[in-house]
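Chains as they are written, first to last, in the working numbering: chain A, 1 to 74; chain B, 1001 to 1074; chain C, 2001 to 2253; chain D, 3001 to 3253; chain E, 4001 to 4180; chain F, 5001 to 5180; chain G, 6001 to 6355; chain H, 7001 to 7355.
No lab work stands behind these hints: they were computed from the structure. Please read these numbers as outputs of a predicted model, since none were measured by experiment. Each hint should be verified, as a subset may be incorrect.
[To be verified] Straight-line alpha carbon distances no greater than 25 angstroms define the calculated DSS-like cross-link-like pairs of lysine-lysine that follow: (1) 4156/E to 4145/E; (2) 2143/C to 6044/G; (3) 3187/D to 51/A; (4) 3088/D to 6044/G; (5) 3040/D to 3184/D; (6) 1045/B to 2017/C; (7) 4156/E to 6007/G; (8) 5142/F to 7003/H; (9) 2143/C to 6041/G; (10) 4088/E to 4163/E; (11) 4145/E to 4161/E; (12) 5058/F to 7273/H.
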Amino acid sequence: MAAKGRIIIEQDKCKGCDLCTHYCPVNILELDTSTTNALGYTPLKVTDPDKCIACSFCAMMCPDGVITVERFNK
Amino acid sequence: MAAKGRIIIEQDKCKGCDLCTHYCPVNILELDTSTTNALGYTPLKVTDPDKCIACSFCAMMCPDGVITVERFNK
Amino acid sequence: MDTTTVYKPGKGLTDRKLSYCPGCTHGIIHKLVGEVLEEKNLIDNAIGVASVGCSVMSYEFFNCDMHQAAHGRAPAVATGAKRVREDKTVFTYQGDGDLASIGLAEIVHAAHRGENITVIFVNNAIYGMTGGQMAPTTLIGQKTTTSPFGREKAQAGEPLRISELLATVPGATYLERVSVHDPKHVKKAKKAIEKAFEVQEKKQGFSLIEFISTCPVQWGIQPYEATRWAVDNMIPYFPLGVFKDARGGETDE
Amino acid sequence: MDTTTVYKPGKGLTDRKLSYCPGCTHGIIHKLVGEVLEEKNLIDNAIGVASVGCSVMSYEFFNCDMHQAAHGRAPAVATGAKRVREDKTVFTYQGDGDLASIGLAEIVHAAHRGENITVIFVNNAIYGMTGGQMAPTTLIGQKTTTSPFGREKAQAGEPLRISELLATVPGATYLERVSVHDPKHVKKAKKAIEKAFEVQEKKQGFSLIEFISTCPVQWGIQPYEATRWAVDNMIPYFPLGVFKDARGGETDE
Amino acid sequence: MNDSERLVIAGFGGQGVMLMGQILAQAATNENLETVWIPSYGPESRGGTANCFVTISKTEINAPVVTQSDTLIAMNQPSLEKFESKVKTGGRVLVNASLVKDHTFREDIEVFNIPVNDIALELGNLKVANMIMLGAYIGASKVFKPEALETVFKQKFTGNKAKLLDLNKQALLRGMKEVS
Amino acid sequence: MNDSERLVIAGFGGQGVMLMGQILAQAATNENLETVWIPSYGPESRGGTANCFVTISKTEINAPVVTQSDTLIAMNQPSLEKFESKVKTGGRVLVNASLVKDHTFREDIEVFNIPVNDIALELGNLKVANMIMLGAYIGASKVFKPEALETVFKQKFTGNKAKLLDLNKQALLRGMKEVS
Amino acid sequence: MAKVLMKGNEAMALAAIKGGCDAFFGYPITPQNELPEYLSKHMKENGRVFVQAESEVAAINMVYGAGGSGARVLTSSSSPGIALKQEGISYLAGSEVPCVIINVMRGGPGLGGIQPAQSDYMQITRGGGNGDYHTLAFAPENLQETVDIIKESFTLADEYRNPVMIAADGLLGQMMEPVDLERSSNVKEAPLKPWAATGESGKRGHRNKIVSLFLDPNDLEDHNLKLQKKYNRMIDEQQRFEMIHTEDAEIVFVAYGSMARIARSAIETLREKGIKVGMIRPISIWPFPEKAFENLPKSVHTLLTLEMSLGQMIEDVKIVNQGRYKLDFFGRTGGVVPEPEEIVEKVLAMKEGAN
Amino acid sequence: MAKVLMKGNEAMALAAIKGGCDAFFGYPITPQNELPEYLSKHMKENGRVFVQAESEVAAINMVYGAGGSGARVLTSSSSPGIALKQEGISYLAGSEVPCVIINVMRGGPGLGGIQPAQSDYMQITRGGGNGDYHTLAFAPENLQETVDIIKESFTLADEYRNPVMIAADGLLGQMMEPVDLERSSNVKEAPLKPWAATGESGKRGHRNKIVSLFLDPNDLEDHNLKLQKKYNRMIDEQQRFEMIHTEDAEIVFVAYGSMARIARSAIETLREKGIKVGMIRPISIWPFPEKAFENLPKSVHTLLTLEMSLGQMIEDVKIVNQGRYKLDFFGRTGGVVPEPEEIVEKVLAMKEGAN
Ligand SMILES: Cc1ncc(C[n+]2csc(CCOP(=O)(O)OP(=O)(O)O)c2C)c(N)n1
Ligand SMILES: Cc1ncc(C[n+]2csc(CCOP(=O)(O)OP(=O)(O)O)c2C)c(N)n1
Ligand code: SF4
Ligand code: SF4
Ligand code: SF4
Ligand code: SF4
Ligand code: SF4
Ligand code: SF4
Ligand SMILES: [Mg+2]
Ligand SMILES: [Mg+2]
């Protein structure tokens, strides 16, 4: 399945709060527990970018403005 | 007509506000403009004691507790 | 002749001459509170809290232990007193400037906490004591010394209705607005005070009786005309009635 | 590949890292206000008033001129600012301790005067900033650092509902309670902010949007669970909806 | 007038005592004299009494409260009792004789008994008793010419009070006559 | 221990830094020593860092804030950077080597590198990293016997925390071993 | 211009308008009510802002908002009302928001009474707000001086970006006296306020913030040191006082405001009796006019502080005195306005005691 | 009893319970939150009253109501919160209602910061309420002394029928230290309070009124004179201080609270260097311990006031000094806690300057 869009994560702003992940309708978000960012948190990562439907839910729910969402123009 | 009761006016407490007079159903109250009491006011007087029905309206409306009302026991 | 006294000044008030202007209905309200204190045997069992306003000296008039509170803070003072003297009947006596303006947070929060106290709230739509300034309860168009052109909505908003506002507060148990402009209403007002003290005796929470009252001097009219002005202008905006009755059980209205 | 940005952090907020704890919905509410400021071209035309609470530093976040008000007094500060800058959009950002407890008189009286300002009211049922003490909005049974046995009605009363209370104040023009616990509600919340600023632009008077917000840290649960707790516990007591709409003319609900 | 004149004016509320003082102070101001008017400070603010102090002087006025007065105007009995003792030796007391009867005055002061209430009723309006007294005062003291006070009347009685002008003038002159 | 021992304990919030200090202060109290514990005062209260100062002394303690420390326990890199310079010459630094790599230390201090995070994971719970470090500290400093800290554990871990007692003891002993 | 006869409170109000006051926020309290009452009418007529706040606390915070947004702002109150404003005043000083605060003092403590007093000297000069801050404070003696100082105070507030307090009392508020409202005093147009949060960040090119919060103690200390420099500048530039017959005095009164005015009468009487008294009259009470005490003549042996309080300014006299002169005190409190004769007697008793 | 390790704020709370505190009314503010938090739990367990008020203003007025009804009452806050209580404190003093008020000071002015400071010395000792009133004020140096003084303060408040303030700071509030809560201090059972408005006028035979209003200025003055007698008694009886190494000192520090504690370290260091320094440590800051300055040895030439502020107590030092010694000052403010080394350097610089 081809992605409808993509999200851009400003990893260094992420506080690893895990809020966004619960709102992704296609369940492609999780925290990257393998690393910590400059703030000392485990930041967000996308598990399966192809599934992104650019719905912006994740971005809307992120309290820290970490996520930018882009839709691919056809 | 025989009075049903009477009112006792503590003249020296009266502030001559003229409030009570408006509530007497038999219209027997007025200020005595011929005199001033210790407080410097023209105090209440009863014009026609015989008409008093001891309804207490005047006393209830007096802010300064000037009036005592007695009913004549038959 | 054999007589029965049907009305006389009671023991609920002291012998001090009331400091109110001639014909001011503060006096009628004082008498009613005094009568209820006496009839309910509360004189020796009550703590009253005077506020700042024309009734600032009410600590000299109510014949029980009294506090004189800072402007607007009577409900806080009453809270302090009641919490440490739970078995005593605690009441405040407050004007509309005191309660609805500077003391708004204190009255709402006393209600909010459900403090088991009784508030006697005297709404005369003006600051009497300080010379007739605009109160939160001043009516639109009413001239006061700080609304010389008449209260304007655009500048000062529309009058605050306290009983209605407090009715939204869960902790308020009994709220009624009464008037003392004629004997019938005086009787009704007394009943309301009785109910409020009963709420407190039964530990049912916060009760407040709002009185439509007059200020002949600052309104600039005669005492009787002032009662008519209250009827014609205040009561339409501040309707009488029970605004909250959460006493539960057998209520009477 | 050719792309269209459908969501990005806007210019309504500065670049400063928000000072809120991870997952605190204060951040979502900030973003919404920032977006509306930007979209309505208000950034260069607005005066914001930060209050005292976790959002005390919001003067660093909103990208417009800002005041930092004393605890509870933001509505008074906003009144001062608006009265001398009538053509500017003035808003406050206040927590529930700030607005519903210490600042109750100020918020009610700003509404009462019909001040043409907008209030962003963040209700998280607790004092976040100072370490999780009981707020007037704390739910019955909710444990906080000053209600260690859970809030008890007998001791502290039942929670205060501010939107409902303000709805009784004539000067209040638009009051709505919203939530940000999921994207759908976030969208709705943004609409509400827009409406509130429109009320102000049209000089229609006082507007307030109450947000059901979370405090994962002081509630002691994870951010997502906190949104569930808000849905399960807060919203039933603090129902969402429009509590007053006196805009007149063509309203939309 | 000496270099300065210090007055106490006292009476019931409603007798226009404050206004009397203000009119004198205004007259002094018009004539470029120094003047101070102070309402009396006492606990009885909500009671019936009303007093004010007026100082008129060719030189700067220091202490504004009048403790030793050149003149006392007593519009009723209690005022006379309260303030008589504070009149300077050789000072002047003007008394509302309509309300003050049978008073034994100090010997070292000049006393003017004027039944201002009665005269006012004669003139058809009890309210002008104060202006009659003012007239008597300037008649006795010569501190101001009647024209000076008439000027003040014109400043004060404007708008819908203008109709009171004539009556007040009349009262003033009538008062002067009482002491001439 | 000398007459007194002054420690700085620093790390991220969540690493149990405050508790480490409190345990030492409690141990000192139990032994009738003088002690003061202070959370660090800095602007970063809402940020990630957490520090505390502990003084333990046989005599009365004056200035409560530790400016020159005998010991620094640095649970992460920023803490080390912030406080290393304030360790006394001859002082002691215990470092969480799991998080601090490639640091060039001062030459005039004694350094203990202990990978407490790794050890804690070994023990099955990252949360006990702080207790491992405490063990290392008493091992290196001999300020307290392990029994002294175990007593404190018993005072602190009561109720539904009692189940943590064994794990913490184990961590403590394991930490001591690291420096023996 | 010719002098006009005005009531003190009204003259103060009009002076504020003449001083450029854009907005007033206040709450009624005796004995200053005619001040807001006058403004409720005349601010509107002048197209300016008048708001009766719900409380003194709200009023001072409205002042903060309006002043922080660049307006010239006034509030007035009396003693207990000023107590309620203390937190706000500390914020205003801390954020460097200019404003003018008039205190028409009455007797205390607590509700006290409504008669004139000077027992708020500490309240005004030491503040009851938290932190190391100061407000300029002037204590005029008669209506003309009151009017002049109030007019100027808006300019001073702007120049120093600091609150200015006017220590008046019930006498000044209630008396009538002829005043010249046009007498030139140092009144300047409001300056540009590039620091103000006017809601014009776009036009200006950067955001403005009105803030007293500095979470880093080093920043807060720096901020305080910056403020301290300003306070030191005020101490340099704003000490104001009048020396009255000090040239040959043996006893020098120290008195301000209404008390100084009463003392003038006592000086006359005493000088007539050949007793050499003089007076230092502080006009600024913060900064306290230490300079006035610098070059007193050799003849001086005693400083007699006079106050309508039980002794508050005397602390400042002690601070400046440092053992140089004998100190004595006379005061009445609670709203009692002393008579000049009482001061005369006090001095006679002192002379008696000295012999 | 054995000492227990407690956090300062909690120790203060427990001390209040031990001191006989019947009721607490307060509002959250950093850095004193653990105090009400502790009480919210333990007052209830002890059958006593805990109310979280809606504001500091409400809290102090609840104190007024409860104290006036005869209870032993406590409130606590920090700097801006104390500013809001000033009107209430003036009422309490004016009506002679006993109570205890703890100020855990933080940096100011305005919102300032949340770090420890001593910049409320004026706020505490001069008050910001109106009128001629005073409150007893104690400034303990460590937790043991804090606990002892708080316990005793309820007794003192009752004895003088006056508010007692405790000047603590963020350090004392946040630190942990072992304390003996049972150490005997002057703690007495609450006395009978025949003046209190307890709602028992019948039993008592007369009404009680808690009032600060006296409309007749002569009555108000009499009331103030009566209060002044009491204040003078406090000045006589309650001056408390410690003299540290003053016996041969050349430079004497004057410092209180946390600053004094830090200064002790500096004294040690300086004495090791052979520099003769000592300290007067005021424990009561109102009344200021003037007696401590009476019999200083001949060796003393300078008083160096040390404060965690830009200089507030130094005014009291100037007042007592009256030209006797040279005065110098060192302070840090805004929440910066000075290091002993800074004091050492200051003294070394003074010596340098003197040479
Ligand atoms: C803190 C404070 N602010 C203001 C005042 C002045 N003040 C005294 S009474 C009053 C208004 C009273 O009005 P209201 O409560 O309506 O009572 P009324 O006189 O009308 O009965 C005011 C503002 C005060 N004493 N204290
Ligand atoms: C006068 C004053 N009182 C108390 C405080 C302490 N204080 C700071 S924030 C706060 C509570 C904030 O709670 P809320 O408004 O609900 O905001 P939140 O932190 O929950 O977002 C308090 C009591 C203060 N700064 N000033
Ligand atoms: S934009 Fe939508 S689909 Fe894409 S990651 Fe975010 S929530 Fe998931
Ligand atoms: S919501 Fe934002 S801060 Fe939280 S995990 Fe997702 S991206 Fe990170
Ligand atoms: S009792 Fe009734 S009838 Fe008698 S005088 Fe009074 S009002 Fe009239
Ligand atoms: S109502 Fe009372 S005070 Fe008024 S006139 Fe009648 S008797 Fe007199
Ligand atoms: S001023 Fe008004 S309210 Fe006050 S006593 Fe007089 S009439 Fe009554
Ligand atoms: S304490 Fe609560 S409200 Fe405050 S930032 Fe943290 S989570 Fe948000
Ligand atoms: Mg009223
Ligand atoms: Mg909150």
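A quick look at each hint next to the structure:
Proposed proximity of residue 4156/E and residue 4145/E is supported: the alpha carbons are some 17 angstroms apart, at most 25 angstroms. Taking the CA atoms of residue 2143/C and residue 6044/G, the gap is about 15 angstroms. The hint holds against a cut of 25 angstroms. The straight-line distance between the Cα atoms of residue 3187/D and residue 51/A is roughly 23 angstroms, inside the 25 angstroms bound, and the hint therefore holds. For the given pair, residue 3088/D sits about 20 angstroms from residue 6044/G by alpha-carbon distance, which is consistent with the 25 angstroms threshold.
Distance hint between residue 3040/D and residue 3184/D is fulfilled; the C-alpha atoms sit about 21 angstroms from each other, no more than 25 angstroms. Distance check on the hinted pair: residue 1045/B and residue 2017/C sit about 20 angstroms apart at the alpha-carbon level, within 25 angstroms; holds. Note on residue 4156/E and residue 6007/G: the hinted pairing holds, with a Cα-Cα distance of about 15 angstroms set against a maximum of 25 angstroms. Taking the CA atoms of residue 5142/F and residue 7003/H, the gap is about 23 angstroms. The hint holds against a cut of 25 angstroms.
As the CA atoms of residue 2143/C and residue 6041/G are separated by approximately 11 angstroms, the hinted pair is consistent with the 25 angstroms bound. Of the supplied pair hints, the one linking residue 4088/E and residue 4163/E is violated, its CA atoms being roughly 39 angstroms apart against a limit of 25 angstroms. With a C-alpha separation of about 23 angstroms, the suggested pairing of residue 4145/E with residue 4161/E holds against the 25 angstroms cut-off. Proposed proximity of residue 5058/F and residue 7273/H is supported: the alpha carbons are some 23 angstroms apart, at most 25 angstroms.
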